[in-house]
Amino acid sequence: MIELRDVVKRYPMRHGMATVLDHLNLQVGRGEKLGILGRNGSGKSTLIRLISGAEAPTSGRVSRSMRVSWPLAFGGAFQGALTGMDNLRFICRVYNADIERVIPQVRDFSELGKYLDEPVKNYSAGMRARLAFALSLAVEFDCFLIDEVISVGDSRFHAKCNVELFEKRKDRAMVIVSHQPENIVEHCDRAAVLHEGKLHCFDSVALAYDFYLGAA
Amino acid sequence: MAMGSHTTLRSSLAIQIRVIGALLMRETITRFGRHNIGFFWLFVEPMLFTLGVTALWSLLQSSHGSRLPIVAFAVTGYSSVLLWRNMPNRLVGAIAPNLALMYHRNVKVIDMYIARLALEAFGATISFVVLAAFFSLIGWMDLPEDIATVLLGWFMLAWFGASFAIFVGALSERSEILEKIWHPFTYLMFPLSGAAYMVDWLPPGFQEAALYLPMVHGVEILREGYFGSAVRAHYDVGYLALWCLGLTFLGLLQERHISRRVAPE
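Protein chains in written order, with this note's numbering: chain A, 1 to 216; chain B, 1 to 265.
Looking at chain A on its own, in the form it has when it is part of the complex (with noise of 0.2 Å):
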């Protein structure tokens, strides 16, 4: 389970504080899969940074009891300089898998080959994307967090996130954030709509889409 009370960020800009989001309460249960929509700069990116703890609120209580992945973004996660096997040992380490079987397991997911030995910063985003899947399905999450970058594969890639994260793991919980309906309708079970600060929730992810037309 994944509890976000009263949850609400700040940050300074050039005038005054800005209020990214503004009082938020979330839930989300153990194989559950949530949609969240939002435009362009709605925070969508700072509320999952909030749910998976690489940043912390400025105010309220975020607080989780399954393993939750970090968020599956286009950027950060890597540390450009170092290779992606150096990243992968990383991420190991952190959250105590087992190196040598995560390899195999990456290297056959994410079929990057040789450039496994290349430094991340010359990646495509694509192959960023995929890096990312691989090692958050080898690490073994309760819950997936992801944001956008589903979009980014190609079709192959596509395909094969479908058989390993939403057929073979689909006891698992989701949460993903897009701009985009489409990845939200095909896998979501509930949705919500970010917007001017606010969350808000909707028992299916047909209403949410309603409303994230009327409100864009």
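Watch out, some of these pointers could steer you wrong.
[To be verified] Taking beta-carbon pairs under 8 Å as the criterion, some of the chain B residues facing chain A (in silico):
#, residue
1, 17
2, 19
3, 29
4, 103
5, 263
6, 265
[As the list claims (entries may be wrong)] With a straight-line Cα cutoff of 25 Å, these simulated DSS-like cross-link-like pairs (lysine-lysine) come out:
#, chain 1, residue 1, chain 2, residue 2
7, B, 108, A, 44
8, A, 160, A, 170
9, B, 108, A, 121
10, A, 114, A, 160
11, A, 198, A, 44
12, A, 170, A, 44
[Stated by the list, open to error] Beta-carbon label-pair distances, calculated as ranges:
#, chain 1, residue 1, chain 2, residue 2, range
13, B, 177, A, 17, 52 to 58 Å
14, A, 207, B, 122, 55 to 61 Å
15, B, 122, A, 204, 55 to 61 Å
16, B, 48, A, 1, 53 to 59 Å
17, B, 262, A, 19, 14 to 20 Å
18, B, 21, A, 204, 43 to 49 Å
19, A, 108, B, 122, 36 to 42 Å
20, A, 96, B, 200, 53 to 59 Å
21, B, 21, A, 213, 22 to 28 Å
22, A, 113, B, 14, 31 to 37 Å
23, B, 33, A, 164, 19 to 25 Å
24, A, 122, B, 37, 21 to 27 Å
Derived from the structure by calculation, the hints contain no laboratory data. Where a beta carbon is used, it is the ideal one built from N, C-alpha and C, also for glycine.
With chain A held as given, fit chain B onto it using these hints.
This is chain B only, laid out in the frame that chain A set:
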């Protein structure tokens, strides 16, 4: 923090040790790479500095006006500077290159600081020990008279360096000015820090002024341990400890402030 709601102190400690270990590896790889002597640069670099200064001072021996063996004087002096100065150097602006790794919730600012401090202290210590052992072996330097006092001096300098580093490092995240003035500051501190003189050689008024500087006490302790009765050291362990405690407290306070606001890229 109240965020990992189901962790005990013991499992938190286990996580922190793992994370610091992972960061140590990460720092070692990016700093020294896998080419040529790699990891050995960690102490070869400070050794080269110390050797250079030792060579220069030996050439200028006539001007240092003391009967102390110049090699031992230079090695103890310059190693001390490396110890307390390199730690803050490494923590100024330390967050930016690691920002991506902070996407992983268990990787905290303090872990990064600890990893970098440990690496720096280790490098400076190995450099000092290897040089002292080597020069003793070839007879250019004697072994310390009182090893316990040497250890005390070294430990106090390391504590001073580490606490000063956390304070300066965390402040540098809040203000760019600090990053700008840090280097001129250390440059100017070098001749004042006690590496190149002993307090006893100064005129009385200057002695008092020099002893306001905390690192001077550390170097004096170290040299008393090294040279024993051949020198008259002036120091107050309590005064230096008070500085260290104060800086530790202020440093952790600043670290807490920035770690709550750090935003992974």
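Cross-check of the supplied hints:
1. 17: Violated. Min distance 10 Å.
2. 19: holds (6 Å)
3. 29: holds (6 Å)
4. 103: holds (4 Å)
5. 263: Holds. Min distance 6 Å.
6. 265: holds (5 Å)
7. B:108 with A:44: holds (22 Å)
8. A:160 with A:170: holds (14 Å)
9. B:108 with A:121: Roughly 22 Å separates the two Cα atoms, so the pair holds.
10. A:114 with A:160: With Cα atoms ~20 Å apart, residue 114 (chain A) and residue 160 (chain A) stay inside 25 Å; holds.
11. A:198 with A:44: holds (11 Å)
12. A:170 with A:44: Between residue 170 (chain A) and residue 44 (chain A) the Cα gap is close to 23 Å, so the pair holds against 25 Å.
13. B:177 with A:17: 52 to 58 Å: For residue 17 (chain A) against residue 177 (chain B), whose Cβ atoms are near 23 Å apart, the range 52 to 58 Å is violated.
14. A:207 with B:122: 55 to 61 Å: 59 Å Cβ-Cβ, so the 55 to 61 Å window holds.
15. B:122 with A:204: 55 to 61 Å: Holds: the Cβ-Cβ distance is about 58 Å, inside 55 to 61 Å.
16. B:48 with A:1: 53 to 59 Å: holds (55 Å)
17. B:262 with A:19: 14 to 20 Å: Holds: the Cβ-Cβ distance is about 19 Å, inside 14 to 20 Å.
18. B:21 with A:204: 43 to 49 Å: holds (46 Å)
19. A:108 with B:122: 36 to 42 Å: Given about 38 Å between the Cβ atoms, the range holds.
20. A:96 with B:200: 53 to 59 Å: Holds, since residue 96 (chain A) and residue 200 (chain B) (Cβ atoms, about 54 Å apart) stay within the stated range.
21. B:21 with A:213: 22 to 28 Å: violated (49 Å)
22. A:113 with B:14: 31 to 37 Å: Because 35 Å falls inside the window, the suggested range holds.
23. B:33 with A:164: 19 to 25 Å: Check failed, 34 Å falls outside 19 to 25 Å.
24. A:122 with B:37: 21 to 27 Å: Given range 21 to 27 Å: holds, Cβ gap about 26 Å.
The structure fails to meet hints 1, 13, 21 and 23 from the earlier list, while all remaining hints are met.
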